[in-house]
Each structure stands twice: as structure tokens, then as C-alpha cells.
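Student: Taken in order, these protein sequences are the chains called A and B. According to my numbering, the residues represented by the first sequence are 2 to 792, in order. According to my numbering, the residues represented by the second sequence are 15 to 178, in order.
Note that these hints are calculated values from the structure, not bench results. Note that the structure is a prediction, hence the values are computed from the model and not measured. One thing to keep in mind: the hints can contain errors.
Label pairs and their in silico Cβ distance ranges [stated by the list, open to error]:
1) Asp284(A) with Ser33(B): 53 to 61 Å
2) Gln786(A) with Glu138(B): 34 to 42 Å
3) Val611(A) with Lys25(B): 45 to 53 Å
4) Lys25(B) with Glu136(A): 29 to 37 Å
5) Glu138(B) with Lys88(A): 47 to 55 Å
6) Asp408(A) with Asn94(B): 31 to 39 Å
7) Pro240(A) with Lys25(B): 45 to 53 Å
8) Arg32(A) with Lys25(B): 41 to 49 Å
C-beta: ideal position from N, C-alpha, C; glycine also.
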Amino acid sequence: MVVDGIGASVKRKEDLRFLSGRGNYVDDMNRPGQAYGHFLRSDVPHGKLNKVDISAALKKPGVIAIYTGDDFAAVGGVPCGWQIHSKDGSPMVEPRHPVLAAGKVRHVGDPIALVVAETKQQAKDAAEAIILDIESLPAVANLTAALAPNAALVHDEAKGNICFDWHIGDKAAVEAGFAKAHKIVRLDLTNNRLVPNAMEPRAAIGDYDVSSGEYTLYTTSQNPHVIRLLMGAFVLGIPEHKLRVVAPDVGGGFGSKIFHYAEEAALTWAAAKVKRPIKWTADRTEAFITDAHGRDHISVAELALDAEGHFLALKVDTQANMGAYLSTFAPSVPTYLSATLLAGVYKTAAIYAEVKAVFTNTVPVDAYRGAGRPEATFLLERIVDVAAREMNMDRVEIRKKNFIPKDAFPYQTPIALQYDSGDYLATFDGALKAADYAGFEARRKAAAAKGKLRGIGISTYVEACGIAPSAVAGALGARAGLYEVANIRVHPTGSVTVFTGAHSHGQGHETTFAQLVSEQLGVPHDMIDIVHGDTGKVPFGMGTYGSRSLSVGGSAMVKAMDKIIDKGKKIAAHLMEADVHDIEFKDGKFSVVGTDKAKSFGEIALTAYVPHNYPIEELEPGLEETAFYDPKNFTYPGGCHICEVEIDPDTGVTQVINFTAVDDVGRVINPMIVEGQVQGGVAQGIGQALLEHAIYDESGQLLSGSMMDYTMPRADNIPNIFVGTETTLCTHNPLGSKGVGEVGAIGSPPAVINAVVDALRDYGVRHVDMPATAAKIWSLIDANQPKMAAE
Amino acid sequence: MAQISLTVNGKTVSADVESRTLLVEMLRDKLHLTGTHVGCDTSQCGACVVQVNGMSVKACTMLAVQAEGAKVLTIEGLVNEDGSLHPMQEMFREHHALQCGYCTPGMVMSAIDLVNSHPEGLTEEQIRHGLEGNLCRCTGYHNIVKAIAAAWPIMHNKVPMAAE
Ligand code: FES
Ligand code: FES
Numbered sequence: 002m003v004v005d006g007i008g009a010s011v012k013r014k015e016d017l018r019f020l021s022g023r024g025n026y027v028d029d030m031n032r033p034g035q036a037y038g039h040f041l042r043s044d045v046p047h048g049k050l051n052k053v054d055i056s057a058a059l060k061k062p063g064v065i066a067i068y069t070g071d072d073f074a075a076v077g078g079v080p081c082g083w084q085i086h087s088k089d090g091s092p093m094v095e096p097r098h099p100v101l102a103a104g105k106v107r108h109v110g111d112p113i114a115l116v117v118a119e120t121k122q123q124a125k126d127a128a129e130a131i132i133l134d135i136e137s138l139p140a141v142a143n144l145t146a147a148l149a150p151n152a153a154l155v156h157d158e159a160k161g162n163i164c165f166d167w168h169i170g171d172k173a174a175v176e177a178g179f180a181k182a183h184k185i186v187r188l189d190l191t192n193n194r195l196v197p198n199a200m201e202p203r204a205a206i207g208d209y210d211v212s213s214g215e216y217t218l219y220t221t222s223q224n225p226h227v228i229r230l231l232m233g234a235f236v237l238g239i240p241e242h243k244l245r246v247v248a249p250d251v252g253g254g255f256g257s258k259i260f261h262y263a264e265e266a267a268l269t270w271a272a273a274k275v276k277r278p279i280k281w282t283a284d285r286t287e288a289f290i291t292d293a294h295g296r297d298h299i300s301v302a303e304l305a306l307d308a309e310g311h312f313l314a315l316k317v318d319t320q321a322n323m324g325a326y327l328s329t330f331a332p333s334v335p336t337y338l339s340a341t342l343l344a345g346v347y348k349t350a351a352i353y354a355e356v357k358a359v360f361t362n363t364v365p366v367d368a369y370r371g372a373g374r375p376e377a378t379f380l381l382e383r384i385v386d387v388a389a390r391e392m393n394m395d396r397v398e399i400r401k402k403n404f405i406p407k408d409a410f411p412y413q414t415p416i417a418l419q420y421d422s423g424d425y426l427a428t429f430d431g432a433l434k435a436a437d438y439a440g441f442e443a444r445r446k447a448a449a450a451k452g453k454l455r456g457i458g459i460s461t462y463v464e465a466c467g468i469a470p471s472a473v474a475g476a477l478g479a480r481a482g483l484y485e486v487a488n489i490r491v492h493p494t495g496s497v498t499v500f501t502g503a504h505s506h507g508q509g510h511e512t513t514f515a516q517l518v519s520e521q522l523g524v525p526h527d528m529i530d531i532v533h534g535d536t537g538k539v540p541f542g543m544g545t546y547g548s549r550s551l552s553v554g555g556s557a558m559v560k561a562m563d564k565i566i567d568k569g570k571k572i573a574a575h576l577m578e579a580d581v582h583d584i585e586f587k588d589g590k591f592s593v594v595g596t597d598k599a600k601s602f603g604e605i606a607l608t609a610y611v612p613h614n615y616p617i618e619e620l621e622p623g624l625e626e627t628a629f630y631d632p633k634n635f636t637y638p639g640g641c642h643i644c645e646v647e648i649d650p651d652t653g654v655t656q657v658i659n660f661t662a663v664d665d666v667g668r669v670i671n672p673m674i675v676e677g678q679v680q681g682g683v684a685q686g687i688g689q690a691l692l693e694h695a696i697y698d699e700s701g702q703l704l705s706g707s708m709m710d711y712t713m714p715r716a717d718n719i720p721n722i723f724v725g726t727e728t729t730l731c732t733h734n735p736l737g738s739k740g741v742g743e744v745g746a747i748g749s750p751p752a753v754i755n756a757v758v759d760a761l762r763d764y765g766v767r768h769v770d771m772p773a774t775a776a777k778i779w780s781l782i783d784a785n786q787p788k789m790a791a792e
Numbered sequence: 015m016a017q018i019s020l021t022v023n024g025k026t027v028s029a030d031v032e033s034r035t036l037l038v039e040m041l042r043d044k045l046h047l048t049g050t051h052v053g054c055d056t057s058q059c060g061a062c063v064v065q066v067n068g069m070s071v072k073a074c075t076m077l078a079v080q081a082e083g084a085k086v087l088t089i090e091g092l093v094n095e096d097g098s099l100h101p102m103q104e105m106f107r108e109h110h111a112l113q114c115g116y117c118t119p120g121m122v123m124s125a126i127d128l129v130n131s132h133p134e135g136l137t138e139e140q141i142r143h144g145l146e147g148n149l150c151r152c153t154g155y156h157n158i159v160k161a162i163a164a165a166w167p168i169m170h171n172k173v174p175m176a177a178e
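Same shape as in the complex, but just chain A:
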């Protein structure tokens, strides 16, 4: 019997080292002979870089070397991993992204020089002696400014600051839908710009072994193999066998540690020049102005409805901020990860979406937890609430009326995706019940008696995870495969090491994957180790993002374990002199069906490595298998989130009182970890909805550039979060799992804002853009005197 297999809330293996201070994060590592790197960065948002004078700085104590943009002229630029084509078929404008600024600086934080010194402080001190001649240019600090006629150009080759102008969907069908509409509801919305702020700031150590000519980069990454590919092949020209990338314990990522950053290339390159390891650790200020930001879309949405409230057609026009350079996956976020999700859970017959991607003098913008799907969900669930109100319909009814019914799967949306499974009514009803939606009006009254405005908001969503299959992703512009790899090494005594291309930076893979292996091979947990995050150990992999670790990475493990079991059966058949078709593998035993003859998993492993009595003619010794799993389709988690808020009309402060999430994430391996993932995502969604905002002033300075200015959610901003699941299985991967990492951040923001707008219903407020800060709410209350008397 397998204990602690699939479905058990096994306590996490990794916790012991984290709880006792023995985690091994990049900044905890030190290499022999290590020097320190410090990046001098632009404090000018946009400017001509006339001269970088390092002569005085070179003479400062402890300085080993100083490098500037000129030194990197011969290497490649930081590449982009996704290419979008505009409506007219032309490829996106893809300006060179130099490792260190060359000719121009384009955002505050753009790196200008790398100072290498004996100590961190010496590197910093020397950087202050570098004399910069920067001629300030007019900057475009936001979408509106960048798209204005005659706006300053971030890159000369990007006319009008447009990176691409893309569209998807059937425009004619949408126009026909609008022509026969009973009502057209329009909503203008902004998806606020966010700073990911994983608690561990980025860090890296570049290392070079003179004798072997081998480079090693230790870095805070979610996907070390992707970094090796991008940096090795596109920037530095180092072949894979001479480049090892290690991402040890990583303190949260949320997308921001997917991307290949300039610092990684600069440090790796410089380590070979100075022939010493070079370590760099970002401070938080640096993180604010260099980690890729998230969201920052402006959209106009129009929904056409018939007289009964059926959604006939949806039209969306979005402007997406790319920042100053294209980060690794930036172009995919507003397009294939967002616009394609605009059907949501609804049967909307026709959809057409346009996206203009725009360069600005700000930090690059890329995937942040949910990446595109929160933007689509926010738009959709807001416009559905507005439509319900303007059609005088109930918010619950209008949703139910338009849900894709559970017998319609597989369901082809009008906007490219085919959903494999789901039951939106089940998660919806589950959430309404868990949140006691029916009893809400009494709670509203009770709150009113205390002088508080109470509101409730619902949001439903479907999202797409485990981007796939590779061929489809390639046709859509991905410049890499999107499979995952697992290598399962069974040792002679039957213990197992699993090498996975997925990467854990909080997700608990060492536990979840061990449960999977334990279930499948019948090996106890203490005999299983999960290895990840080192290209020198793991054969290959694409890493962890898009909630893909279990659905894609776990499926690769299942495939590799199937091969192990197949081989084990052949060995067992030989040992027990039975036909291989009569061998059954269950609970860690190979047995001959219908007899009591059996061999344990350990015995078979030992035979494989000590092949004295072995079918050596047909079978190689050893028991180790590798599998690449390329998904057949995306997976489609879905669900319903319900939020209840109370607003203090005197101060405008919104407090989230209750939050309920009922999600369908497919098969759950560890319910404890799944709940934790949802709760963490919901907290980030509440942060986006109420608190967080990366604000640039018109000149291009980041105003909310520290944790004193950028409001991170704290314990007293977040309520207890109820998490439930209603499961339908993914139909096209062997586990039936769909993914859970992002659902919390996708479903929650519109639930919060719908609740805020509901709380303000007597003030005639139609929409509130995020974040719904106290100042914003107070002003709305102040400006719209209550129509309370009507009640």
C-alpha cells in the first residue's frame, strides 16, 4: 500500500531546511576567490549617452575592472523569446537590447557600467566615481504619452513607438453580432502596472574555469535551461556543453525570474575576463527598477447582448505597455495569453480583439503571475457585471445563462482555444454556497447599521496553462519548445533520484513530485529525491511558469516511470520465468498474475545493476529512463471567486471581509499545497485590486519605487481565504491535472472590484479602476452624494 501518495496532504520535505535557516539561495553561496559586481544604472529615463568616463573610478581601492556598453558591442543583445506578427503580416519591431547601455539610456535602471571589485562596498564606492555625460531626451512614461502624435521615440526603428499591431478573431462575425444587438455595453478599463516583488531579490554569480573553459552561472531563475539557451546561444555564444546554469533555492518568482536578464550575461562574460567568480545581489531599490514589471494594459471593451441577456459578440481594443525593451516573453502576454482567453467561461458567439504593443521609457513589462489571463478575466468579469446592471438582470443569472454547459466539452471557442473539460456551474454553485451568497443582504444591512458599506462581488474564470503543444506554440511565435523533461534514475538498491526540468521556488515540488513517484513506483518517500535547478545534472527542461510543473513536468515523470515499469516487467518475467504479458506491477511489486510469485521493486533494481541472471541479449543493464513530454493541448483550470468587502465611507478604506475560491485545477496531488497556492495567488490579486501600483511620473521616474511607497499586502490587508475544489480531469495528460499556480491571481481581482462597485451602488459608481485605494474610494464617495433615500 502506498502511503502519502496522490491526494494526501503530505508535510513538505523542503520545510526542514527552510525553517532551520539552511536554505541555499544564490546570495547564500560564495565561490572561492570571489569578487563583487555592482551595476551603475541610469537615473535618467531617456537620454543620449555621450560618454562614460571610468578613469577616476579605475583608481579607486579594490577595483579590478570596469566594463561599459562598448565592451559588449561584439556580443549579442538580450533576446526575446516570442515573435508576434502585426495585422499586415510584418514581424514585430525588435530593437537590440544591449547588455549594457550603448548610445542611449531608455529607462531609469538601465545598466551603464559593471564595476568589479574586491568587496561589495568597494564596487559601490567606485561606481560613484564614474563620470557620466548623458544628454536628457524627452521621455514617454506611459501608454498615452507614447502613442501621442509626435511623441518622442524610445527606439528610432519603432515608428509611433509601436512594437506590433496585432489582432485575432472574426471581425465580420462580431460586427454582425453588434448589428443585431439589443444592447451594447462599453467599458474602458486599465489594468494597473505591478512590481512582482518576490521577497528574494535577484542575485547571480558568474564563474569561469580557466582550465576547462567552462562557464557556470548561479542565478535566481525559474528556468535554468532556458537561461542557458538564451544567454549561451544568443548573447555570449557559449555552447551548451561549456555553460552550466544553476538555480538553487529561489525565494519566489511569480514570473519575474523566468526572464533572461542583462546582469546574468554581463557577470558571466566578465568572470572570464577577470578570471574570478563575480557575485552580484540586487538590493530592493534595484529590483524595483530592473525586474520586469507586470500588467499595464489599457482596454476598451464592448459587449453586445440580446434582449434576454445572451452574449452575442465581444470586441476588445487593448494597448499593452512593453517598457523600454522586449523582455523574454513580453509579446506573448497581451496576445496569446490574454486575448485568446476572452471567451472566458461563456458561450459568446463571436469575439474580436486588437492589441497594440507599445514601447515606453519604463522598465520592461512581462509575465507576472497569471500573465495576460488576469487582464482578460478582469475585463470580462467587469463588463459582465456592468452589463447585468444595465440590463437590470441579476449578476448570478446573467452568468448562468451564458456559461458553456458541461456537456459541451470539448468546446471550441471562437478565439482559437479548445477547452477540454470543465464544469463551470459546479464551481459557481460551490462558491455561492460556501460564501453564503444567499444570506448576503442580511450582512449588508447589518453593516449599514454600523455605518459601513458592504458589497459582494463574483468572478468566474477559465485560464490556459502549460502552454502547448510545441508545434502550436511555435506557429504562434514561441522560439522554443514547450515540453518538459524527466529523468528517473533507479539506484541498485531501489532508491530513486528524479531529475526534473521544472523548478521549484516555493511550489513544493520536492514533496508533490515525491508523492507522484511514490504512488507510481511504490517506493517510500525517504527513498526518493527530487533534483532540479541545475543544467549540469538535469538533462534538459523548460522550467516553471504558466502553472506547468505538474501538468507538463509531472506528465514527463509519469512517462519516464512507465518506461521504468516496462523494463522492470521484462526483468521480472525473466527472473520468474513467466511471460512478460502475465506480469503485473502494483504497490511496488512485480507479480505473475494468478500466482503468488512476486519480486519487489528493489529486487528488480538490483538485478538490473547486477545482471547475473538477466536477459542480457534483449535488455541493457541498468534502470534509468528519460522522457520528454510534449502536451497535446493547453490545460484549462477554471472556477469562481467571491469577495465580500466593507468600505468605511468616512475614510474610503476597503477591508476584505471574506474571500471564497472554488477552483477546478484537475487532479490534486497534495491538497495542502494546492490550498496554499490559491491563497497566495488570491493575496496577490487582492494586492492588485486594492493596494499595488507602479506609478511613473510624466518624466519617467518611478514614484512607487520602494517598499515604503509601493503598497505590498500585509497580514492585516488579507482575510482568511476559503479554498474549495470541484474537479473535472484534464482529458489529455496522464495525470488529469490542470495547474494551480496562477488561479488565485487570475480569479480574484475582478471579484474584489465587483464587490467594491457593489458596495458603492447607492453612489452611482459604474466602475472603479485598480487599485481601489482609500483616496480613490473616498473621492468617489465624496463626489457622488448618496441616493440612499431611494431605498
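Mind docking chain B with the ligands on chain A? Use the hints.
Tutor: Quick look at chain B with the ligands alone, frame taken from chain A:
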């Protein structure tokens, strides 16, 4: 450079530090106690919390030289000789109060101070308020709050610690 000596996790240690060296830098870089983390540069996140003379302190907000002669306890020092954990560490594990583990050492140190300073009991609201100085980006705090509530009776000897 100044030489300072202090007690860290029960052992007397000394280190050469610059006058601008922060306590957290000394712990991490000189004493190689890397369990204490740095998450910000504005004293906002609490990843660096340690105990100095029994009080929780943000080690990024104190100079190393100010710790001369002090008794410092870090996350590493909470673990018993036999490898067993402090009840707060146990409850964090039991209630899945950590994900990436980066905020965890500071969170645990703050939580211990919070429980110790409330022998009369702790409400959920007090716990949430008491965590004001600690940021966690992963957990949404739900399970951290649960873990601290569960550690209170154990630390105040109200119930025996649940056998694992
Ligand atoms: S590092 Fe000390 S409070 Fe953030
Ligand atoms: S567990 Fe990752 S920041 Fe708290």
C-alpha cells in the same frame, strides 16, 4: 575597521567590521549565518529579523558595532542540539506556513516575540496586526496566522505539543 565580540546562538564570536557594516551583513557575510535574509533596503520586509537580547530586531536596521556584547539569536540557533525544532518552527511546518522560505526565518523570529509578549492570549486580529513588519509574497498569510495561533498554547504550556 573595528573588532567586536558578542554572543550569537550561545557562542561567543568576534568579527572585524567596518563602522557602516549592518548587523545582518555581519551575520551573513562574516559569520556565515545565511538563514537571516535581506528582502529590502527600507526596513519594511522583516526578512532579517533576529533576536537581540531577547527582543526581535530588524538586523538591517542596526549596525554591527551596536551589537557589541549583545546576545543575538538567529533562526539557526532555534534548532535544538538534537535537530528538533522550536514549537514555532514545528507549527509553521504543520500548517504549511511557508512556500519559498525566504520570509520564513524573519517571520518565525517575529512570531516568537509576538507569542512571548502576549501571555494572556492572542486573537487573530492581534496576530495579523503583530505581523505588520513582516512581508510574505507567497502564502497570503492565512497559514502563517494559523501556525502562530497553534504555537501560542504550546509555547505557553497550555497543551502538550501534538505528536507528529
Ligand atoms: S531586510 Fe530588514 S526589513 Fe527588509
Ligand atoms: S514563503 Fe515566500 S515570501 Fe513568504
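Student: Honestly, which of those hints from before does the structure not fit?
Tutor: 1, 4, 6 and 8
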